[in-house]
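So the protein sequences, as listed, match chains A and B. Residue numbering for the first sequence follows the working numbering, beginning at 1 and increasing consecutively. Residue numbering for the second sequence follows the working numbering, beginning at 1 and increasing consecutively.
Just so you know, the hints here were simulated from the structure itself, not pulled from any lab data. Keep in mind the model is a prediction, meaning the values are calculated, not measured. Treat the hints loosely; a few may be bogus.
Said to hold, decoys possible - Straight-line Cα separation of at most 30 Å, DSSO-like style, residue types lysine-lysine; simulated pairs:
#1 B/K234 - B/K275
#2 B/K223 - B/K234
#3 B/K305 - B/K275
#4 B/K25 - B/K305
#5 B/K275 - A/K17
#6 B/K124 - A/K17
Next come the chains, spelled out residue by residue.
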Amino acid sequence: MIANLRVVRTAFVLDIKQQAVDLFMIFGVVIQPLLIATMAIYMLKGQDISRGIYVVVGSGMTGLWTSLLFRGTFGINAERFMGTLEGIVASPTSLGTVVIGKTLASVSVSLLSMLCSYAVAALVFRLPLTIAQPVPFFASLVITMLAFISFGLLISPLMAVNLSLTGWVNALEYPMYILGGFLFPILLLPGWTNPVSYLLAPYWAARALHLTSSGVATVPDVLLCWAMMLLLGGAYIAISYRLFTVVLRRARVDATLSLM
Amino acid sequence: MNAIEVRNLRRVFRATIGTIRRRTKEVIAVDDISFDIRDGELFGLLGPNGAGKTTTVKMLTTLLIPTHGTATILGHDVVHGASAIRPLIGFIFGGERGLYWRLSANDNLRYFADLYHVDPDVAKQRISELLELVGLAGREDEKVEGYSRGMRQRLHIARCLLHDPQVLFLDEPTMGLDPVGARQLRQVIRNLVAQEKTVLLTTHYMFEADALCERVAVINHGKIVALDTPEGLKRHAEDLHIVEVEVFGIGHETVDQLRQMPEVDTVSVENRDQKQALLIHSRIGSAIVPQIMQSLDGNGIRLGKVTVREPTLEDAYVRLVGGEA
Chain A
1 MIANLRVVRT AFVLDIKQQA VDLFMIFGVV IQPLLIATMA IYMLKGQDIS
51 RGIYVVVGSG MTGLWTSLLF RGTFGINAER FMGTLEGIVA SPTSLGTVVI
101 GKTLASVSVS LLSMLCSYAV AALVFRLPLT IAQPVPFFAS LVITMLAFIS
151 FGLLISPLMA VNLSLTGWVN ALEYPMYILG GFLFPILLLP GWTNPVSYLL
201 APYWAARALH LTSSGVATVP DVLLCWAMML LLGGAYIAIS YRLFTVVLRR
251 ARVDATLSLM
Chain B
1 MNAIEVRNLR RVFRATIGTI RRRTKEVIAV DDISFDIRDG ELFGLLGPNG
51 AGKTTTVKML TTLLIPTHGT ATILGHDVVH GASAIRPLIG FIFGGERGLY
101 WRLSANDNLR YFADLYHVDP DVAKQRISEL LELVGLAGRE DEKVEGYSRG
151 MRQRLHIARC LLHDPQVLFL DEPTMGLDPV GARQLRQVIR NLVAQEKTVL
201 LTTHYMFEAD ALCERVAVIN HGKIVALDTP EGLKRHAEDL HIVEVEVFGI
251 GHETVDQLRQ MPEVDTVSVE NRDQKQALLI HSRIGSAIVP QIMQSLDGNG
301 IRLGKVTVRE PTLEDAYVRL VGGEA
């Protein structure tokens with residue numbers, strides 16, 4: 001257990017070091033959310049300026065998702081290209097443990113998205129940004145990180161099995177912005193899409209953060225969001241545990257752990 | 001006692017070809033091979049590119065599941081006992097991949113030490129010793145991307161020794177090293193065997209196999225074509241004499257013509273800068289030289305030095321793999 005925690009810590013630290021020099025991640029975590037925030041603020045011009053915090057939280061969530069998606073999934077492929085995936089798989093540590101450390105790093109770094117969006121909205125556009133219910137907001141943020149890590153664990157093993165799945169990852173970025181209700185409420189979407197949103201922990205995360213930052217959250221609302229995030233997170237972890245076993249065996253059969 | 005036991009191991013790869021009408025093609029990479037490696041033995045696996053050496057090593061290191069047959073490492077099956085095998089083995093694959101280039105050597109080694117659950121205090125001590133051993137002490141805080149090919153290869157060696165494994169798989173470990181670095185590495189390998197480690201070494205360099213290995217298996221087209229001590233393998237070519245001719249610009253047609261000669265056993269060509277070395281194995285020794293000269297002259301090939309010598313392990317190997325080296 002302690003040895004595995006040590007792996008999580010080392011994978012976390014080394015991934016942060018690598019992300020710091022990865023220009024694509026700097027774009028995904030800092031520049032893209034800033035562009036989205038700026039665009040949304042312009043769209044809100046002339047409307048209720050108290051919605052500024054909604055924009056900051058929403059654009060921050062886009063950075064969180066982009067970072068998780070690309071780092072968590074392309075991360076496995078990057079390991080394959082570097083030839084390090086075999087080194088990890090052939091070690092006594094499970095690939096899932098390494099992925100937890102790397103995903104934790106992605107999620108932590110992507111909190112920068114929220115900070116950057118906050119800084120732009122407050123300093124450039126002079127929007128009044130107040131987190132109405134700070135304690136529930138920060139508690140929601142911690143549970144959000146856990147939910148996102150579990151979601152990362154669910155999607156990353158799929159990348160270990162097949163290189164061609166990477167193409168599909170690109171297609172997952174924007175649908176989550178919409179189905180997750182990051183930038184506008186899902187009630188604006190066709191009703192049949194709502195059940196899909198309810199199965200996504202990022203949706204409950206966005207809902208909790210929006211409600212607590214805007215100050216319209218009731219205790220049952222927030223508790224429901226937290227419970228759903230924890231419930232779905234637990235389900236993702238259970239599925240991913242099985243998935244890692246199946247997928248790694250498949251990869252050893254199909255010889256997809258390396259570019260032989 | 002045997003550290004490694006391989007029985008009828010076979011690995012088939014499936015590749016899809018075609019764009020619209022896709023078909024699956026099967027490639028047999030390893031074809032029904034069997035061998036044992038004794039505890040503490042340094043065993044060599046020799047073969048040309050694509051012979052199946054790396055596939056064999058990948059199956060033994062639990063990275064590939066065999067299509068057929070069984071293999072055990074220290075009594076554990078490579079398919080069902082993979083998790084028991086992993087802490088006991090170390091491996092390196094030839095080339096520069098397998099390291100984090102944007103991180104320092106120290107970061108790389110610390111990470112892999114954690115992956116192998118090496119106690120942090122032990123890891124710290126061992127990393128420092130291994131950096132010294134592979135000649136990277138003082139450079140450990142530099143990013144790997146700034147390392148030369150040889151330095152990366154040496155870092156690989158340090159990485160695979162971090163957890164003090166009992167069995168080592170070294171897939172062309174001296175590839176890309178300069179002669180001094182390669183010699184140092186061979187000494188490291190000798191020291192490992194002196195510490196009673198079991199080593200499976202694949203290499204292209206015959207003198208390396210000759211100098212290091214107790215026994216050598218020659219693998220070609222996925223099959224083991226010979227398995228013996230280096231001295232025993234040399235006996236495969238003891239009836240031969242080797243005629244080595246320096247030539248300039250020899251073509252396939254001329255080589256094929258030489259192969260047709262009844263007294264010629266095998267012909268291989270090595271590129272050496274501007275010129276090529278034609279290696280002709282023959283049972284009749286220097287008596288074949290006039291015929292060879294006549295054939296080369298007839299094809300307008302410019303000649304250099306001609307020598308006739310006794311066979312080496314490399315000549316035995318060339319004979320065994322049919323001149324494909």
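Compare the structure with the hints numbered earlier in the document and write down the numbers of the violated ones, lowest to highest. 4, 5
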